[in-house]
Amino acid sequence: MSESKVHGMERVPDVIHGLFRARTYLGGMVPGARTAAIAVLGLVISSIGPLRAESERVHACMSPNQARELLITQRLIAPFRAFGEVSRNQPGGDAVGLQLCLYGDVFVYDVTVLRRDGRVSHTMVDAHSGAILAAPHGAK
Numbered sequence: 000m001s002e003s004k005v006h007g008m009e010r011v012p013d014v015i016h017g018l019f020r021a022r023t024y025l026g027g028m029v030p031g032a033r034t035a036a037i038a039v040l041g042l043v044i045s046s047i048g049p050l051r052a053e054s055e056r057v058h059a060c061m062s063p064n065q066a067r068e069l070l071i072t073q074r075l076i077a078p079f080r081a082f083g084e085v086s087r088n089q090p091g092g093d094a095v096g097l098q099l100c101l102y103g104d105v106f107v108y109d110v111t112v113l114r115r116d117g118r119v120s121h122t123m124v125d126a127h128s129g130a131i132l133a134a135p136h137g138a139k
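For reference, each letter of the sequence shown is one residue, going 0 to 139 in numbering that gives the first Met the number 0.
Don't take each hint at face value.
[What the hints assert, rightly or not] The following label-pair restraints were derived from C-beta to C-beta distances: (1) PRO90 x SER62: 27 to 33 Å; (2) THR72 x ARG118: 32 to 38 Å; (3) ARG114 x GLN65: 16 to 22 Å; (4) VAL119 x ARG74: 19 to 25 Å; (5) VAL95 x HIS58: 20 to 26 Å; (6) ARG118 x GLN73: 27 to 33 Å; (7) TYR102 x ILE71: 31 to 37 Å; (8) SER62 x HIS127: 16 to 22 Å; (9) ALA59 x GLY91: 27 to 33 Å; (10) GLY96 x ARG74: 31 to 37 Å; (11) SER128 x HIS58: 17 to 23 Å; (12) LEU132 x GLU68: 30 to 36 Å; (13) MET61 x ALA133: 16 to 22 Å; (14) ILE71 x GLY117: 33 to 39 Å.
Read the hints as simulated data drawn from the structure, not as lab findings. Quantities reported herein were computed from a predicted structural model and do not represent experimental measurements. Glycine residues also receive a C-beta, built at the ideal position from the N, C-alpha and C atoms.
Please model the entire structure based on the sequences and the hints provided.
Right, dumping it as structure tokens:
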């Protein structure tokens, strides 16, 4: 068995090197196989990136600091107004939480409602107009 020296290491059998070489069925080296594999991998990774960015763009919720900044720069309604809209339209529950989110190109407040029966639901309120966009089933 032949051996070779690799990067300052002691002798490593050529059999081990052979395991990591791209070979044809005839046993010869495939010219540019490593370069081709790296190119294909790069294409796959670059095609996944835009898909992930698109899904993140569709639904992204903001941190409290981001929400404060957007409240001013985007001229959004105050969060307590969204609470009030939900309370008026859903008398069977209490608004207990709120988060500013971006759905597509629309800013919405995702208001968490604790209903009298103990169940939790979410109501979407347009952050520009204050209109209720989506209410849970059974809500007025």
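Evaluation of the provided hints:
Distance hint check for PRO90 and SER62: the Cβ-Cβ separation is about 31 Å, which falls inside the suggested range of 27 to 33 Å. Checked against the hint of 32 to 38 Å, the C-beta distance between THR72 and ARG118 comes to roughly 36 Å, which is consistent with it. Checked against the hint of 16 to 22 Å, the pair ARG114 and GLN65 fails, with Cβ atoms roughly 29 Å apart. One distance hint, 19 to 25 Å for the beta-carbon pair VAL119 and ARG74, is violated here, with the actual separation near 30 Å.
Look at VAL95 against HIS58: about 21 Å separates their beta carbons, and that is inside 20 to 26 Å. Between ARG118 and GLN73 the CB atoms are about 32 Å apart, so this pair conforms to the stated range of 27 to 33 Å. A C-beta distance of roughly 21 Å is found between TYR102 and ILE71, which places it outside the suggested range of 31 to 37 Å. A hinted range of 16 to 22 Å holds for the C-beta pair SER62 and HIS127, which are about 20 Å apart.
Under the hint 27 to 33 Å, the C-beta atoms of ALA59 and GLY91, about 30 Å apart, fit the expected range. Roughly 23 Å separates the CB atoms of GLY96 and ARG74, a value that falls outside the hinted 31 to 37 Å. For SER128 paired with HIS58, a C-beta distance near 20 Å keeps the hint of 17 to 23 Å intact. Under the hint 30 to 36 Å, the C-beta atoms of LEU132 and GLU68, about 23 Å apart, miss the expected range.
Hint check: MET61 to ALA133, Cβ distance near 19 Å, so the stated range 16 to 22 Å holds. Remark: the range hint 33 to 39 Å for ILE71 to GLY117 is upheld by a beta-carbon distance near 37 Å.
In the structure shown, a violation is registered for the earlier hints numbered 3, 4, 7, 10 and 12, in ascending order.
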